[in-house]
Every structure is written in C-alpha cells, then in structure tokens.
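Engineer: Sequence:
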Amino acid sequence: MSNIDLSQVIPASARIEAARSEALAELARLRWARGCEGVTLPSGVQIPGDETTRLALSGAVSALQQGMLTAPVAWKTPAGFVEMTQPEVEAAAAAVVQFIQACFVAEAVVVVQIEASADPASLDVRAAFAEALGG
Numbered sequence: 001m002s003n004i005d006l007s008q009v010i011p012a013s014a015r016i017e018a019a020r021s022e023a024l025a026e027l028a029r030l031r032w033a034r035g036c037e038g039v040t041l042p043s044g045v046q047i048p049g050d051e052t053t054r055l056a057l058s059g060a061v062s063a064l065q066q067g068m069l070t071a072p073v074a075w076k077t078p079a080g081f082v083e084m085t086q087p088e089v090e091a092a093a094a095a096v097v098q099f100i101q102a103c104f105v106a107e108a109v110v111v112v113q114i115e116a117s118a119d120p121a122s123l124d125v126r127a128a129f130a131e132a133l134g135g
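Residue numbers (the numbering used here): 1 to 135.
If you're looking for bench data, these hints aren't it; they were derived computationally from the structure.
Some hints here could point you the wrong way.
Beta-carbon label-pair distances, calculated as ranges [to be verified]: (1) 69 / 18: 18 to 26 Å; (2) 101 / 126: 16 to 24 Å; (3) 79 / 13: 49 to 57 Å.
Here a beta-carbon is modelled for each residue, glycine too, at the ideal position from N, C-alpha and C.
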C-alpha cells in the first residue's frame, strides 16, 4: 500500500492547460493595457485609447460632422487641454481606432502561438506581443 494520495497528483496535461490559460490571460491584460496607452499624433499630442476616450472621440467626430459642434474643440489630454480642428479630431479618432485594431490583431497572432505551444509556460508573452505589434 502506498501513502501517496493520487487525488493530489496533477497530470502534465492539466499543468500545460493551466499554463496556457495563464498565458492567454496575461496576453489579454497586455493588449488592454497597451491599447489604453493610446497613440501620439504627429503633432505630439498624446491621445489615450481607453474606451471612454474612444467613445468621446466618436461622439466629437459625429457632432462636428452634423454641425452640433464647431471647431476648434477643446480636448483634454494627459498633458492638459489642447484645441483641435475638425480634421485633427477625425485624425485622432482614426489613429486611435486603427491602433486598437492593431492591438487586437497582434493579440490574435500571439493566441495562435500560445495555442500551438507544447510548453506555453516557456513563452515570453510580452515579447511575442511586442513583436506582433511591430515593436
């Protein structure tokens, strides 16, 4: 008779799947955090990519296009207020949503790598995401 409690033994396949789940969760956190950082416009203005900012940009674009607002529009950035013309607001909105899409595409690329890995715990998820995002 053995004193080993086999109910406490974790099969290798379960460890691999747990590591895969953790890698996928880490990847999602990285994508979300990087997306929230947003973009820096050619003018040097930093525009966050969080959902609230994306919604506000979308609303501002719509309001400007429908004549409910007139430019310049006061916009609060992490560095303070700036005034933006309609083309600048539209460009900011486009840059942010394109960046968010790029973050999702990069995440999808790394998901494939994680899913295909025989040893997901050994993957450098941060480096893989940065590479997939282009830097």
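Engineer: Hint numbers the structure violates, sorted upward?
Structural biologist: Number 1 only.
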